[in-house]
Structure formats: C-alpha cells, structure tokens
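Which chain is which? The protein sequence lines are A and B, in order.
Every letter in the first sequence is one number past the one before it in the working numbering, and letter 95, counting from 1, is 83.
Every letter in the second sequence is one number past the one before it in the working numbering, and letter 28, counting from 1, is 16.
One should not assume that every hint holds.
Where chains are identical, the list cannot tell them apart; a pair therefore holds if satisfied intra-copy or between any two copies.
[What the hints assert, rightly or not] With a straight-line Cα cutoff of 27 Å, these simulated DSSO-like cross-link-like pairs (lysine-lysine) come out: (1) Lys14 to Lys136; (2) Lys189 to Lys91; (3) Lys66 to Lys189; (4) Lys14 to Lys275; (5) Lys66 to Lys144.
Since the hints were made in silico from the structure, they are not lab data.
Model, not experiment: these values are computed from the prediction.
Number of protein chains: 2
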Amino acid sequence: MANLGFVGLGIMGKPMAGNLLAAGHKVHVYDLLREPTKELATKGAVACSSSREVAQKSDIIFVIVQDTPDAEAVLFGKDGVAEGVRQGCVVVDMSSISPIATKEFARRLAALGVEMLDAPVSGGQVGAENASLSIMVGGQPGVFAQIKPYFELMGKNIVHVGGNGDGQTCKVANQIVVGLTIEAVAEALLFASKAGADPAKVREALLGGFAQSRILELHGERMLKRSFDPGFRIRLQQKDLNLALQAARSLGLSLPNTSTAQELFNAVAAEGGSDLDHSALVLALEKLANHRVSG
Amino acid sequence: MANLGFVGLGIMGKPMAGNLLAAGHKVHVYDLLREPTKELATKGAVACSSSREVAQKSDIIFVIVQDTPDAEAVLFGKDGVAEGVRQGCVVVDMSSISPIATKEFARRLAALGVEMLDAPVSGGQVGAENASLSIMVGGQPGVFAQIKPYFELMGKNIVHVGGNGDGQTCKVANQIVVGLTIEAVAEALLFASKAGADPAKVREALLGGFAQSRILELHGERMLKRSFDPGFRIRLQQKDLNLALQAARSLGLSLPNTSTAQELFNAVAAEGGSDLDHSALVLALEKLANHRVSG
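Just chain A, with the same shape it has in the complex:
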C-alpha cells in the first residue's frame, strides 16, 4: 500500500486528509500550524516537521493551500517538497491556483522525474467533510487512473479535464460562471423589487424557464432571506476572480463582466463584507440603487 503525504491542513485539507486516514491509509501530514497536525496524529497520521519530510516519506503527496505563492513555497521553497521527493512519486496539488503557474510547476517537477496532477475542488468545507467534493483534474491519463481511487475517498463528481493545468483552468471557468450568475440574479431580483414586484414570486416564475440555475435557486433564496453567513466567502471568490483576470491579461482575453463582478465584490469587502457569503454581492448593487431586494 502506498505511503501518502498531505500538506496543508486547513478548513479543507484537515477533513480531506482525515478521509484518507479513515479509509485505512498511512498518511504523513504537515501544516505551518501545529494544532491540526497534532489533531490528525491522534487519529493515526504521522506528524512531520516540514513539506520536505512529508515528501521523503511518501509516494503520493497531496497539497492543498490558499494561493499560488503558498503552493510554490510548499513545492519549491526551503524545506519544500522538491527537496525531499523521489523520482517516480506523484504530487497532487488540490489548491485553487493559477493555471499558468501550474503548468510551470508541472514542468519543474517533471524535470525531477516526478509526475504532477492539478486537482482543485469545489463543494467547500461541507463537501470536504462529507467526501462529496467536485474534483477537476489536469494531468496525464495514466497518473489520473493511479490517483483516482484516492480522489474517490474525498469527492464524488471527479472529472479528468485534460493535461497539466486544465483542472485549474476548469476551476477558474467554474468560478467565472458562479460569480457572474450571482451577479445576474442580483441585477434581476433588484430590478424586480425596485419596479414594485414581489422578488420571491419572480424567482419562482424564473425557475420554470430558461433562466433556471442552481445559483437562482440557492443564492437567489439567500438574497431574499438576507442569509449571508457563508457558504463560500467573498474573499475566496475575489481570489478566484483575480486568478481569472490575471490569466486573462496574460492570455490576451477580455472578460468584461468578470471584471465588473470583481469590482462589486471589492465594494462589499470595502464595507467589511469579506467573510460574507458570495451571494452578498447584491449588497453593492443595493447600495448603488438605494433599495433592498427584500426585508
């Protein structure tokens, strides 16, 4: 049985590593914080003192950290994975980071004889705990086939999108659609409300036709009920749209509505709303209109 490694034991990583442990695997774990490392050790994980040590002791090294520079530090920084990893091992980066940087990371690892998959997830903390995450994977088909049984311990909707970086590209595309559909629903419900109609009735009517979406269903209801506890935090949505806008600039691509949606998220953040659910984007439009969708 393969020795597993897991670096990054935050809100997502800790339950994900926990699901690998619960399936009976030997998991070597490390995080900058001691607390989650200790907690997993009480459940049978092997506590390590660096990403390098995790890499030295593991055949497959899972990583899930916040942003591109964090992933780069874990992989290629001092005491990082690259210092400890052996030829033939596999690195699986489950962070949501830049697709462009990811391709570069894969090339650098390949030069060490190490395969990499990018495998960002969606589904949040609840999905991590229930092992019901969506996992979007980029990398070689053979490596995907090798790692798939482990993905199945952490998620449900597991799609092999394409080569290195394509998992991250898919995640960014997902976040563009999510952010912009939230914005669309916010404009529509605010319009309806300001024009004097009952936005709850309008949402109901729209769910029956071409305007149907999971966002209209779930986030539309949040806007009506003023239920902005996360869910998915605005600061994470901002991070993902920033990945979209940065990549778009370097690819030579214009994303006009992604850009405006990001500005609206920025406006909500400016009022202290960074930790509200992303459906709270509606607050920025409401302020511009001096009118609330409801309540």
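With chain A held as given, fit chain B onto it using these hints.
Below, chain B alone, put in the same frame as chain A:
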C-alpha cells in the same frame, strides 16, 4: 361562451390565436398584414378590419405585438381597442413591453371600466405552436382566475406574479438573467479554450456543480457547436435588455452587467448578426480575444 378577440398575428400571435380556435372558441382577429388574418379566417376565425372592430365584437381581447409603441397604438391609437371596447371587458396584453408603460395602460383602461392583464410569454415560436409557453401574469387575482382557462390553451407554466405591470417586470427580470448567464458562459468557455483546455470537457464538468444552468446546458452547447440559427434572435434580446436599461434609468437603478451585455449584443448586431441566436453573443468576446471557443 365568451367572444374572444386577438390582435397581432405574427410569429407568436398566429399560432396562439390558432390554439384558441382549435379549442372551439369564437375568435375575432386582426393584424396590420392581411395574410395571417385571411389564413386564420379559413380556420374559422372572424376577420376584422381594425383593432376597434375586434374590441367591439369581443368580451376578452388578447394582444401580442412587438414593442411598447405598437401596443400603445393598438390600444389607444386611431381605430384602436379603446375606441371599441365596452365596460366589463378584459384586455390581455401578451406583448413583452415596458412595465412602466403597462401600469399606465392599465390605468387608462380602468378609466373606461375595462380590466387589463399583462401576460408576456417566453418559449418562442415552438412554445407558441405547442401551447407550451411560460406566461407571466400581472393584474387583479379575480381577472387572472377568469382568464386562466384561456392561458392554459396557449401555455403550460402560468404564474400570477402580482398586480398590473408585474408580469412585464418578471419578463424583463427573466431576460436579464438569460442575457447575463449567456454572457457568463461565453466568458468562461472562451477563457477555458484560450487557456488551452477542451471547452466541451469544461462545460461537462461545470454542469455537475454550482455553475449548472439551463443556459450552460443549451446555449453552452450552441457555442461549442457554432449553432447560431435562432432560437431566440439577438434583436429581440436587445429589445428586452433595452426595456431593462430604460426602466432602470427611470427607477434609479444601476445594472452594470446588463449594460455591458447589451453592448456585446450591439457589437454582434453591428457585424450583421441581429438575426442570430442570442448565444452568438460569444462572437463579440471572441473578436476581442482574437480566438474562437471551438471549431
């Protein structure tokens, strides 16, 4: 049995009036064009020579024309409905027009002792032919109850949204969500494609999560297959977003992404694309990026 009237026998009105006829109702019809009037007369309709004549002979007068000025002309212009209508009759405007003008029309008809419903539809020509339209209705509950059996001969998803104008408001909100979700899907698939991923795989992966929508399913596929025959024409989407933007200005409301989406539809129209399906909005983004989603 009530005498019915039907003014406006275009792509939508002709099959809708045909469905009322097919159910055995007596229908008095009029259109500016002679051809569809004659055609319905061969199926048993009573051909009239003006909207006034239709109103004189009918208890319930259905209207479906292109835009706000057309509806105003039919209702209140020379030889219009208001010149012929009797107290106690009902006018049902199934056009998609300004919610604000609609409230004014309802007041003017009420002054003549005539009730009005606004009842715009979605579902297009196919929905009109198959009697499977979505119908969004504004007006008094008692009047809605009286007219509902006729709506059921023309549509399926029939929602009483609220008072006069609220049906139109709901339709505009619907078109905001539809237009902006098309734009969202276009940005996401173009991003994925330009970043080197397979946009078909990305669409498939996204359909399994929060990014799911009917637009991603249907219009996303159109973008991938370059299948831009309408469907719903860009010039009609432009008309509907114009209703949104005009009403927003007079209500004091900012709709930033509706405004940008309209500009992108304008750009496609400028290249001769007015009669393409609204999913062809992607062509404007593709031109900006010098890259095609597929094909």
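For each hint, the structure was consulted:
1. Lys14 to Lys136: Within one copy, since 17 Å is at most 27 Å while 65 Å is not.
2. Lys189 to Lys91: between (47 Å within a copy, 18 Å between copies)
3. Lys66 to Lys189: Classified as neither; 57 Å inside a copy, 37 Å across copies.
4. Lys14 to Lys275: Result: close neither inside a copy nor across copies, 52 Å intra and 52 Å inter.
5. Lys66 to Lys144: Neither way: Lys66 and Lys144 sit 35 Å apart in one copy and 65 Å across, limit 27 Å.
Checked against the numbered hints listed earlier, the structure breaks hints 3, 4 and 5; every other hint is satisfied.
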